[in-house]
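Asker: What follows is each chain in one-letter form.
Number of protein chains: 2
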Amino acid sequence: MKLLCSQSDLSTNLSLVSRAVPSRPNHPVLANILLQADAETNQVSLTAFDLSLGIRTSFSAEVWQGGAIALPAKLLVDITSRLPEGEITLDDEASVASTGEGLIVTLTPKSGCYQLRAMSAEDFPELPIIEDAEPIHLTAAALIEGLRGSLFATSADETKQVLTGVHLSVKQDTLEFGATDGHRLAVVETTNESPLGGSGELEVTVPSKALRELERMLAHHAADDAIALYLDQGQVIFEWQNQRLTSRTLEGQYPAYRQLIPRQFERQITVDRKQFLSTLERIAVLADQKNNIVKLTIDHASQELTLSCEAQEMGSGRESMPAEISGEDIEIAFNVKYLMEGLKALPSSEIQMHINQNLTPVIFTPLGGLKMTYLAMPVQLRS
Amino acid sequence: MKLLCSQSDLSTNLSLVSRAVPSRPNHPVLANILLQADAETNQVSLTAFDLSLGIRTSFSAEVWQGGAIALPAKLLVDITSRLPEGEITLDDEASVASTGEGLIVTLTPKSGCYQLRAMSAEDFPELPIIEDAEPIHLTAAALIEGLRGSLFATSADETKQVLTGVHLSVKQDTLEFGATDGHRLAVVETTNESPLGGSGELEVTVPSKALRELERMLAHHAADDAIALYLDQGQVIFEWQNQRLTSRTLEGQYPAYRQLIPRQFERQITVDRKQFLSTLERIAVLADQKNNIVKLTIDHASQELTLSCEAQEMGSGRESMPAEISGEDIEIAFNVKYLMEGLKALPSSEIQMHINQNLTPVIFTPLGGLKMTYLAMPVQLRS
Numbered sequence: 000m001k002l003l004c005s006q007s008d009l010s011t012n013l014s015l016v017s018r019a020v021p022s023r024p025n026h027p028v029l030a031n032i033l034l035q036a037d038a039e040t041n042q043v044s045l046t047a048f049d050l051s052l053g054i055r056t057s058f059s060a061e062v063w064q065g066g067a068i069a070l071p072a073k074l075l076v077d078i079t080s081r082l083p084e085g086e087i088t089l090d091d092e093a094s095v096a097s098t099g100e101g102l103i104v105t106l107t108p109k110s111g112c113y114q115l116r117a118m119s120a121e122d123f124p125e126l127p128i129i130e131d132a133e134p135i136h137l138t139a140a141a142l143i144e145g146l147r148g149s150l151f152a153t154s155a156d157e158t159k160q161v162l163t164g165v166h167l168s169v170k171q172d173t174l175e176f177g178a179t180d181g182h183r184l185a186v187v188e189t190t191n192e193s194p195l196g197g198s199g200e201l202e203v204t205v206p207s208k209a210l211r212e213l214e215r216m217l218a219h220h221a222a223d224d225a226i227a228l229y230l231d232q233g234q235v236i237f238e239w240q241n242q243r244l245t246s247r248t249l250e251g252q253y254p255a256y257r258q259l260i261p262r263q264f265e266r267q268i269t270v271d272r273k274q275f276l277s278t279l280e281r282i283a284v285l286a287d288q289k290n291n292i293v294k295l296t297i298d299h300a301s302q303e304l305t306l307s308c309e310a311q312e313m314g315s316g317r318e319s320m321p322a323e324i325s326g327e328d329i330e331i332a333f334n335v336k337y338l339m340e341g342l343k344a345l346p347s348s349e350i351q352m353h354i355n356q357n358l359t360p361v362i363f364t365p366l367g368g369l370k371m372t373y374l375a376m377p378v379q380l381r382s
Numbered sequence: 000m001k002l003l004c005s006q007s008d009l010s011t012n013l014s015l016v017s018r019a020v021p022s023r024p025n026h027p028v029l030a031n032i033l034l035q036a037d038a039e040t041n042q043v044s045l046t047a048f049d050l051s052l053g054i055r056t057s058f059s060a061e062v063w064q065g066g067a068i069a070l071p072a073k074l075l076v077d078i079t080s081r082l083p084e085g086e087i088t089l090d091d092e093a094s095v096a097s098t099g100e101g102l103i104v105t106l107t108p109k110s111g112c113y114q115l116r117a118m119s120a121e122d123f124p125e126l127p128i129i130e131d132a133e134p135i136h137l138t139a140a141a142l143i144e145g146l147r148g149s150l151f152a153t154s155a156d157e158t159k160q161v162l163t164g165v166h167l168s169v170k171q172d173t174l175e176f177g178a179t180d181g182h183r184l185a186v187v188e189t190t191n192e193s194p195l196g197g198s199g200e201l202e203v204t205v206p207s208k209a210l211r212e213l214e215r216m217l218a219h220h221a222a223d224d225a226i227a228l229y230l231d232q233g234q235v236i237f238e239w240q241n242q243r244l245t246s247r248t249l250e251g252q253y254p255a256y257r258q259l260i261p262r263q264f265e266r267q268i269t270v271d272r273k274q275f276l277s278t279l280e281r282i283a284v285l286a287d288q289k290n291n292i293v294k295l296t297i298d299h300a301s302q303e304l305t306l307s308c309e310a311q312e313m314g315s316g317r318e319s320m321p322a323e324i325s326g327e328d329i330e331i332a333f334n335v336k337y338l339m340e341g342l343k344a345l346p347s348s349e350i351q352m353h354i355n356q357n358l359t360p361v362i363f364t365p366l367g368g369l370k371m372t373y374l375a376m377p378v379q380l381r382s
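Protein chains in written order, with numbering that gives the first Met the number 0: chain A, 0 to 382; chain X, 0 to 382.
Bear in mind the hints are in silico, worked out from the structure with no lab data behind them.
Please note: incorrect hints may appear among the correct ones.
Because identical chains cannot be distinguished in the list, a pair is counted as satisfied if it fits within a single copy or across any two copies.
Under the rule of at most 30 angstroms between Cα atoms (straight-line distance), these lysine-lysine pairs were calculated in the DSS-like manner [as the list claims (entries may be wrong)]: (1) Lys343 / Lys73; (2) Lys109 / Lys289; (3) Lys289 / Lys170; (4) Lys109 / Lys336; (5) Lys170 / Lys370; (6) Lys170 / Lys159; (7) Lys73 / Lys294; (8) Lys159 / Lys370; (9) Lys208 / Lys170; (10) Lys73 / Lys289; (11) Lys343 / Lys273; (12) Lys109 / Lys370; (13) Lys1 / Lys159; (14) Lys370 / Lys1; (15) Lys1 / Lys109; (16) Lys109 / Lys159; (17) Lys294 / Lys208; (18) Lys1 / Lys336; (19) Lys73 / Lys336.
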């Protein structure tokens, strides 16, 4: 293998794939990035894989001699990212014979020479493929919206297994993202641009770690870029342009969350999202001192929503804001963290709260635009 | 006490002084910020003090009733910084009588009301003062230069006592900053703009924590702002405009570092500082894998400086750069961290290395401008 490429192409692509290199690999080869160079197409592909999450990217280079080799990820990323802009050659030829101690790759920037111990490409595990599957097509924008509105509500507790992922449901015309940690629930419905054939619905739960990487990789893509999504029960693959992300799926039955969402409500409140959120952030300073509980007082007569918190040892706070209120007065309390996280993820400038009683599920929806539903459970108000 | 001020004045000044609030206070009152309001001058001053470092600032406000009170630092800073721009009233009147449980301060922004438990101003310790001392006058620029060129070389090891501070020596026309952790030494000489009278020289060692806060506070000041410096053996005070920083000094004899600096050298190398530093950063990736040692090869014939590292298990690297070299060829090795930190702090685009033998102290100086000396000890080169 021998090739010439630009420092920026190599460094950018290395830093993308290196996110899938495990910090504590089970096998030494997993601490490497697989480099494959094709002399016919003049394409170089890089792959990292922790046996659950896999990322592959490719870019153009001048490939003098094709081949494949597994390169130490951390050293290569750290050195390449610190090199100045310019051309770099990568070569594993000369040194094999001379050292007799195994593979060495030589990295030659303009003014120096780095030799790194490498491993055989044959030791590197194959990325999973899904055969005979028809992809679902999504725009980058729809995928980003779905991830942004659901990922935050997954559980961070690894023992909760299926709840650490986002549940994707492919229906006739829609792709639905659902996430819950047992305390709150977020659901986003986006458009599936390739209506399903006779195969019915598909459902799969994808680890949030893989989806966070996907969100990061898509952040720099144009909103209407097409993303192909391949699903089966064990694997999911996202593919676009020169990049591919694969992930195993999570096993286990995902909760039937739709039945948790009430259909009728006794009270409805429309309020400015940013004002609600910034007020909560101030009240949270006091709530942090106690049990994280904030009280909402909904006053129909004055058409005002009041947030308050009493942290007896430290002090108390209270702020009011205008709201459009239908239904009777009520006092209701929430964990301030669940309220803030939901409000941050809701995509509209005004939001609606739909309330029945002070201990039944409360639904938050954006006003117009994206179809998102956020459910938070109120808590007992202790005085 | 009752006053009206702007959110931005209150928040900016609170965040400045809060740096001196201890994270684990020995006494409850130290977790507070002392607020003093003067109805005659319409000035509000804020003070925080951890019994070693003290910071005081003041700003203009509409003081309706003067007074002093100690306010809970964390709550006040966190709430005030999250409030929108606008007017705020602070008031400790009404609530004292009504609660009967001690002091409460009421913070009233435009759309809400916060009540925080406070403490009596009488419990708050007095900031130290230095009586009968003539101040030394410095510009902000000179002080920042001195701190920037010395603070990085102090020891982070609290058991090293006097080495955790910067040693300030006031001489007839100069103020010298010296710092060493036992492995390297940084010395900066700046101009003392108020020549001493008959009192001779003054020396004092100031904790680096206090000087880092000073550096941060001065970062937004004009280069020619005048800073007054009061010194005695137990305390040091920096004072400018509406701000003051006090610190206890460190006890113990500071090493006589001047005698460590050689006066004559057998070799001299002039090199571009940024190129030297960025090359070191790449070689450091390999050095990190082994013992942090980088080898410098100085070649008179080719007028080249070569940096290299062999990390046998991982690989090796080598880069060369042009240099102006006088004296014979030599190989010399350093801890890469000490070399990088010194090069970062040197203020010129080109620097000079002054070398005798491969195990004697090496001196780094900037070319032109500021008078800074950096001394690093070479290490044994193991092959």
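Asker: Next, verify each hint and record whether it holds.
Answerer: Taking the hints in turn, this is what the structure says about them:
1. Lys343 / Lys73: between (35 angstroms within a copy, 24 angstroms between copies)
2. Lys109 / Lys289: between (60 angstroms within a copy, 25 angstroms between copies)
3. Lys289 / Lys170: Answer is neither: 44 angstroms inside a copy and 55 angstroms across each miss the 30 angstroms cutoff.
4. Lys109 / Lys336: Between copies only: 24 angstroms across chains, 52 angstroms inside a chain, cut-off 30 angstroms.
5. Lys170 / Lys370: within (15 angstroms within a copy, 72 angstroms between copies)
6. Lys170 / Lys159: Cα proximity of Lys170 and Lys159: one copy only (26 angstroms, versus 67 angstroms across).
7. Lys73 / Lys294: Between. Shortest inter-copy distance 22 angstroms satisfies the 30 angstroms Cα cut-off; intra-copy 49 angstroms does not.
8. Lys159 / Lys370: Within. Shortest intra-copy distance 27 angstroms satisfies the 30 angstroms Cα cut-off; inter-copy 61 angstroms does not.
9. Lys208 / Lys170: within (24 angstroms within a copy, 60 angstroms between copies)
10. Lys73 / Lys289: Between copies only: 14 angstroms across chains, 43 angstroms inside a chain, cut-off 30 angstroms.
11. Lys343 / Lys273: Intra 8 angstroms, inter 42 angstroms, cutoff 30 angstroms: intra-copy only.
12. Lys109 / Lys370: Answer is neither; intra-copy 53 angstroms and inter-copy 35 angstroms both fail.
13. Lys1 / Lys159: This pair counts as neither: shortest intra-copy Cα distance 47 angstroms, inter-copy 53 angstroms.
14. Lys370 / Lys1: Intra 51 angstroms, inter 49 angstroms, cutoff 30 angstroms: neither.
15. Lys1 / Lys109: within (16 angstroms within a copy, 68 angstroms between copies)
16. Lys109 / Lys159: Neither. Shortest intra-copy (51 angstroms) and inter-copy (44 angstroms) distances fail the 30 angstroms Cα cut-off.
17. Lys294 / Lys208: Classified as neither: same-chain Cα gap 33 angstroms, cross-chain 41 angstroms, threshold 30 angstroms.
18. Lys1 / Lys336: neither (53 angstroms within a copy, 34 angstroms between copies)
19. Lys73 / Lys336: between (36 angstroms within a copy, 19 angstroms between copies)
Violated hints for the displayed structure, listed by number in ascending order: 3, 12, 13, 14, 16, 17, 18.
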